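**Student:** Here's the letter readout for the chains.
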Amino acid sequence: MNAPAYNFAYLDEQTKRMIRRAILKAIAIPGYQVPFASREMPMPYGWGTGGVQVTAAILGPADVLKVIDQGSDDTTNAISIRKFFAKTAGVATTTATADATVIQTRHRIPEAPLHGGQVLVYQVPIPEPLRFLEPRETETRRMHALGEYGLMHVKLYEDISRFGHIATSYAYPVKVNARYVMDPSPTPKFDNPKMDNCPALQLFGAGREKRIYAIPPYTSVVSLDFEDHPFTRYRFDAPCALCGAGDSYLDEIVTDDKGSRMFVCSDTDYCETRQQRGYCGSESAAPHKERLHG
Amino acid sequence: MYVAVKGGERAIENAHRLLAHERRGDREIPEVSLDQISGQLSLAVDRVMTEGSLYDRDLAALAIKQARGDMIEAIFLLRAFRATLPRFGVTEPVDTGQMQARRRISSTFKDIPGGQILGPTFDYTHRLLDPQLAEASIPEAPATGEASSAAMPRVTDILGLDGLIEPSPQADANTPVGDLTRDPLAFPAGRDLRLQNLARADEGFLLALGYSSQRGYGRNHPFAGEIRLGEVEVEFMAEDVGFAVPLGPITLTECQMVNQFKGSATEAPCFTRGYGLAFGQSERKAMSMALVDRTLRARELGEEVAAPAQDEEFVMSHSDNVEATGFVEHLKLPHYVDFQSELGLLRKLRQEFAEADALSDMQEAAE
Numbered sequence: 000m001n002a003p004a005y006n007f008a009y010l011d012e013q014t015k016r017m018i019r020r021a022i023l024k025a026i027a028i029p030g031y032q033v034p035f036a037s038r039e040m041p042m043p044y045g046w047g048t049g050g051v052q053v054t055a056a057i058l059g060p061a062d063v064l065k066v067i068d069q070g071s072d073d074t075t076n077a078i079s080i081r082k083f084f085a086k087t088a089g090v091a092t093t094t095a096t097a098d099a100t101v102i103q104t105r106h107r108i109p110e111a112p113l114h115g116g117q118v119l120v121y122q123v124p125i126p127e128p129l130r131f132l133e134p135r136e137t138e139t140r141r142m143h144a145l146g147e148y149g150l151m152h153v154k155l156y157e158d159i160s161r162f163g164h165i166a167t168s169y170a171y172p173v174k175v176n177a178r179y180v181m182d183p184s185p186t187p188k189f190d191n192p193k194m195d196n197c198p199a200l201q202l203f204g205a206g207r208e209k210r211i212y213a214i215p216p217y218t219s220v221v222s223l224d225f226e227d228h229p230f231t232r233y234r235f236d237a238p239c240a241l242c243g244a245g246d247s248y249l250d251e252i253v254t255d256d257k258g259s260r261m262f263v264c265s266d267t268d269y270c271e272t273r274q275q276r277g278y279c280g281s282e283s284a285a286p287h288k289e290r291l292h293g
Numbered sequence: 000m001y002v003a004v005k006g007g008e009r010a011i012e013n014a015h016r017l018l019a020h021e022r023r024g025d026r027e028i029p030e031v032s033l034d035q036i037s038g039q040l041s042l043a044v045d046r047v048m049t050e051g052s053l054y055d056r057d058l059a060a061l062a063i064k065q066a067r068g069d070m071i072e073a074i075f076l077l078r079a080f081r082a083t084l085p086r087f088g089v090t091e092p093v094d095t096g097q098m099q100a101r102r103r104i105s106s107t108f109k110d111i112p113g114g115q116i117l118g119p120t121f122d123y124t125h126r127l128l129d130p131q132l133a134e135a136s137i138p139e140a141p142a143t144g145e146a147s148s149a150a151m152p153r154v155t156d157i158l159g160l161d162g163l164i165e166p167s168p169q170a171d172a173n174t175p176v177g178d179l180t181r182d183p184l185a186f187p188a189g190r191d192l193r194l195q196n197l198a199r200a201d202e203g204f205l206l207a208l209g210y211s212s213q214r215g216y217g218r219n220h221p222f223a224g225e226i227r228l229g230e231v232e233v234e235f236m237a238e239d240v241g242f243a244v245p246l247g248p249i250t251l252t253e254c255q256m257v258n259q260f261k262g263s264a265t266e267a268p269c270f271t272r273g274y275g276l277a278f279g280q281s282e283r284k285a286m287s288m289a290l291v292d293r294t295l296r297a298r299e300l301g302e303e304v305a306a307p308a309q310d311e312e313f314v315m316s317h318s319d320n321v322e323a324t325g326f327v328e329h330l331k332l333p334h335y336v337d338f339q340s341e342l343g344l345l346r347k348l349r350q351e352f353a354e355a356d357a358l359s360d361m362q363e364a365a366e
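Chains A and B, in that order, give the protein sequences. Okay, so the first sequence: first residue is 0 according to numbering that gives the first Met the number 0, each after it adds one. Okay, so the second sequence: first residue is 0 according to numbering that gives the first Met the number 0, each after it adds one.
Certain hints may be false.
No more than 25 Å apart at the CA atoms, straight line, and that leaves these computed lysine to any residue pairs for SDA-like [to be verified]:
id : chain 1 : residue 1 : chain 2 : residue 2
1  : A       : Lys24     : A       : Ser219
2  : A       : Lys86     : B       : Phe80
3  : A       : Lys86     : B       : Gln65
4  : B       : Lys331    : A       : Ser79
5  : B       : Lys347    : A       : Gly243
6  : A       : Lys193    : B       : Asp337
7  : A       : Lys86     : B       : Arg81
8  : A       : Lys86     : B       : Ala82
9  : A       : Lys82     : A       : Met42
10 : B       : Lys261    : B       : Leu160
11 : A       : Lys193    : A       : Ile125
12 : B       : Lys331    : A       : Thr167
13 : A       : Lys193    : A       : Arg178
14 : B       : Lys331    : A       : Lys24
15 : A       : Lys86     : A       : Thr75
16 : A       : Lys82     : B       : Gly7
17 : B       : Lys261    : B       : Glu299
18 : A       : Lys257    : B       : Glu341
Non-contacting residues of chain B with respect to chain A, defined by C-beta distances greater than 12 Å in every case (computed) [claimed, not checked]:
id : residue
19 : Arg86
20 : Gly88
21 : Pro130
22 : Thr180
23 : Glu311
24 : Phe326
25 : Ser340
If you're looking for bench data, these hints aren't it; they were derived computationally from the structure. No experiment lies behind these values; they were computed from the predicted model shown. We put the CB at the ideal spot given by N, CA and C, even for glycine.
Okay, chain B solo, but in the shape it has when bound (with noise of 0.2 Å):
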């Protein structure tokens, strides 16, 4: 006799004591911390501080951690807790002018003031497996100097004083500043809401979108003005003291690229900006999003909208990769009464094809 599949609420457990014994992996093995997490796989916890949309490295470790590694799973994990927390409001901007840089580089000026800092970067190392990592070592000392009191101008700034870059748009203090996990997105989305998609954004899908304008779906003939790394500030205004509250300093990463120019009989020309920015060390996103921003105001800047990176809706609806994630993988969930509909429907129109193909043989006999 068939009975019916039962007992999925065991299987659910144990699948569940299962999954954690798999995370535990070899239990003679020493069990990894926290701050081992945060400490050593340091750029793996600024992706998903990033991409949770939580600076938290704690939690974001915890989340890695519980994810096993699945770097997709920890930003699922830290956006599912960050949609319980209650918002209070929103800072003040940011100062990225004022930030203690340790890396800071540009593509567009051999030298500029506060000079250029190379910083911790794999950009000139040698990618050969290094043997010595494979037991416990102890690297060198960095080197150290004396701290430069130099102003530190971005790049950006320097252009904008000759009228060389268009100017970054004023924020309106009556015009909030929207939020895309408050309110539901609409098209066509100002660029706050776009900068806070693409900052939430899947780093490799950024990464593509922004490779495939540099070969030349949706070319902008991008420069990297400035990267920089480093801490800023972060205030809040408390409206009962009435000033900004410093909340702490945060890590971030910006890039400001400098693209080709706009301008019009009567606008001089001048080059536009494409902007991202990141938390942690998240330098390629960070790169990939200031592409993907410049090449999305393509209709703002009146260049034709022919590529997917220049498409809003296109980019800002596949961009998540926590949505993305749950539609692909939910794919294994059943469809057995969906799936026994379509066999229906095709087990008719198989037969209707039979009866025709034997009705014309029969013709052509007949015939």
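Okay, chain A solo, but in the shape it has when bound (with noise of 0.2 Å):
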């Protein structure tokens, strides 16, 4: 039993360009979900083996990789990703949204405008957006072959119907170069408006279901909705306690035990570039505040 020595970034050559062909078709018919033949990878189904399969066919030793999961490049998914290329492709990684060239992504998009040449791989776990109207996947073939979408239509009436407003607060579907109805994967659909026209390539990988899909640069999304409801974003009204901003998506922490809260931003990249020139909010730099949450 000796150990094994694996390739460059984990995945055999053969493997990777199983991976590629799927990947350039999906790139050009944007919002096509294209099966491959999707492999079991040394972390479980859920833990973004998609996302983490697109990038290891992708990669390669000059790039420069930044890993996040809901925004944060420190939550323990996003490290444990970070760590398994760092150590099986030896490539550079980085926290700065500017300076990566390959991000890869657990249900958020960065704050930082994304440039050209840069590519955002989503982790997916449903890629399927009509899926919980349809469980069939044959059925759901044939409604994307005909461009059949009115049940999602009829959902998100419903929806107003019922509530008075669309119910779908992330996972928003998206008409993808006005042709495919796609799921962005679970991002808030705050972050939806940032798919559209957007420079950098957008790949999603669904490792699980076996389906990867993508959005190249500047291709139009658009999130559905009705002429007399409108798509909004939405984003609890308040600056970030850490650093002021009043245009990122937050995160709520629960402060103690008698409903306090505070509201900062969700993308830690953002937060502590904006800290480091200076911005502030309502709880930074303020050492005596320590003890009132102590």
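Build the complex from these two chains, which are given one at a time in their own frames, with help from the hints.
**Tutor:** In structure tokens:
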């Protein structure tokens, strides 16, 4: 039983070629879910095996990798995936959005605008936007082929008639390149507008469901809505307590057992960069306040 | 001042150290060896090899030890290793008719050529805890006898002679056998892929589905035509030398279920088949697999597809325990940002509800 030696970025070259072919097809048909022969990875399904396989297939020695989960570089799974590639590919890693060439993400799109040449790799649990309306893959593939999306509009309409609003706050469906309805992965709908006409290449990997899809740079991505109920973003109406940002998506932190809360940027790189530039919020750099929360 | 949580890297390292410590257990007690696991927990090893899709007792024993006895975790470890192995090709079909059987029973005929062999089975043990096993104990040596040289034809082959059972489909040399670990699965799937999926499927899931079919959810009137356990030779066609090269023996459990008829105005009625095959001694798995293989043939045999066990997409999409456990357990990963989005929506809906409520109260008071 010898310790196995692994290839650059873990996957063997044959597997990488198979994944690259799927990626190229996905780029050629924006928003279309391309089946691929997903492999068992050394982390569990649900931990980002689709994103990891896409990243492994596109990573080169000169790449600089950033990994975020919930917008943060410091969540345990982001650390674990970053370490995996630092170890198996030896690539440089960063937390700075602007410096990264490949960004693997779970549930968020960075606040800082992406630029040309960057690739954003999304981890996707359920790639099929119609799955909760129609559980059968054979049916949903047919619906995509025919562009038959009435069911989705009926669902959104029923939300409005029941709740007064479209009751989808994350994984909010979009139409890509005026053709395919696509699941943006479970990002909050706050992030949806960032996908539209984005200079970076966006790749989506679903390992367990064995699907890859893509949004090429500068492609139109429209959130589904109605004329009288237009799509709206949501963020808690407060500035970040650490950096004062009024335009970033916020995490809600419960600070004591009496219901006190504070709101801070979910994108840690964005928040830290702003703090370094001297921006501050209600809770920042005020040591005497520590006792209040202690 | 609030500081965002840091130090995840150290937390992960410490968690791994603690896990290794817990796995070892009391250090005063000798460590369990792979030989002990392989030799004394052999049915656990068999299950891990079967659902891990890799015939290697040593690696399966290692996986069980590393997984602290968690079978699905061990199966996952073996699968992740398997995914890194090159695929050289496909072996020749194994001939279970030539099996050196250690156990062989039929519930359809009292006596059969080659005889019934009970072999190592729990079937007729009384399930009384044996306090002697709590201490080291040496069991009696097994009884031995002359090996029979009589051929041991499969019961389904005997039925097949009279056309009483449908013939087994013959492999088409020009159509390569499917491999769902190398090609993405599409529906409807051929029987080769269905059987591969079932062979890798979670034993408990197949057990429940097979059981449901016996209780009327897709009934298929099964008889255990034959169950056999033993060693078969694996051969690989080496193109260079031009003949099949033996790779060595493996232990298999095969179950052939004989099920109720098909037939039509133009075709004489005959029994239908359900097939189960597993590594090692995995009888419950092989039997459950044979039941579900048959229920999944509903469409092919012109039966109504109504029960979960007959629904190919339902069964094949949810049978893999490595996939299933991943998706169920991923719920423990952070979902802060989506939850925050849901909280925001819910607060808004509740606020609107309260406002509408207050308004209607005011109107009622005014009336």
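**Student:** Compare the structure with each hint and give your call.
**Tutor:** Comparing the hints with the structure gives:
Our distance criterion of 25 Å between C-alpha atoms is met by lysine 24(A) and serine 219(A), whose separation comes to about 18 Å. Note on lysine 86(A) and phenylalanine 80(B): the hinted pairing holds, with a Cα-Cα distance of about 17 Å set against a maximum of 25 Å. With a CA separation close to 22 Å, the supplied pair lysine 86(A) and glutamine 65(B) stays within the 25 Å bound. As the CA atoms of lysine 331(B) and serine 79(A) are separated by approximately 15 Å, the hinted pair is consistent with the 25 Å bound.
A C-alpha spacing of about 24 Å is found between lysine 347(B) and glycine 243(A), which places the hinted pair at or below 25 Å, so the restraint holds. Note on lysine 193(A) and aspartate 337(B): the hinted pairing holds, with a Cα-Cα distance of about 17 Å set against a maximum of 25 Å. The suggested pairing of lysine 86(A) with arginine 81(B) holds, with an alpha-carbon distance near 20 Å, which does not exceed 25 Å. Among the hinted pairs, lysine 86(A) with alanine 82(B) is consistent with the structure: their alpha-carbon atoms are about 19 Å apart, no more than 25 Å.
Taking the CA atoms of lysine 82(A) and methionine 42(A), the gap is near 12 Å; set against the 25 Å cutoff, the hint holds. Using a Cα cut-off of 25 Å, the hinted pair lysine 261(B) and leucine 160(B) holds, with the two alpha carbons roughly 17 Å apart. Simply put, lysine 193(A) and isoleucine 125(A) have alpha-carbon atoms about 21 Å apart, close enough for the 25 Å limit, and the pair holds. Proximity of lysine 331(B) to threonine 167(A) is assessed by CA-CA distance (about 22 Å); at most 25 Å being required, the pair is judged to hold.
Distance hint between lysine 193(A) and arginine 178(A) is fulfilled; the C-alpha atoms sit about 19 Å from each other, no more than 25 Å. For a cut-off of 25 Å, the pair hint linking lysine 331(B) to lysine 24(A) is broken: about 33 Å separates their Cα positions. At most 25 Å may separate the alpha-carbon atoms for a hinted pair to count; lysine 86(A) and threonine 75(A) meet this at roughly 16 Å. Proposed proximity of lysine 82(A) and glycine 7(B) is supported: the alpha carbons are some 12 Å apart, at most 25 Å.
For the given pair, lysine 261(B) sits about 11 Å from glutamate 299(B) by alpha-carbon distance, which is consistent with the 25 Å threshold. Distance check on the hinted pair: lysine 257(A) and glutamate 341(B) sit about 22 Å apart at the alpha-carbon level, within 25 Å; holds. With a least beta-carbon separation of about 9 Å from chain A, arginine 86(B) fails to lie farther than 12 Å from that chain, contradicting its non-interface assignment. The beta carbon of glycine 88(B) sits about 14 Å from the closest Cβ of chain A, which is more than 12 Å, so the claim that it is off the interface holds.
Interface exclusion of proline 130(B) from chain A stands, the closest Cβ pair being 37 Å apart, more than 12 Å. Not every beta carbon of chain A lies more than 12 Å from that of threonine 180(B), the smallest distance being close to 7 Å; the non-interface claim is violated. Here glutamate 311(B) does not stay apart from chain A, with its beta-carbon only about 10 Å from theirs, under the 12 Å limit. With a least beta-carbon separation of about 5 Å from chain A, phenylalanine 326(B) fails to lie farther than 12 Å from that chain, contradicting its non-interface assignment.
Taking the minimum C-beta to C-beta distance to chain A, about 4 Å, the non-interface status of serine 340(B) is violated against the 12 Å cut.
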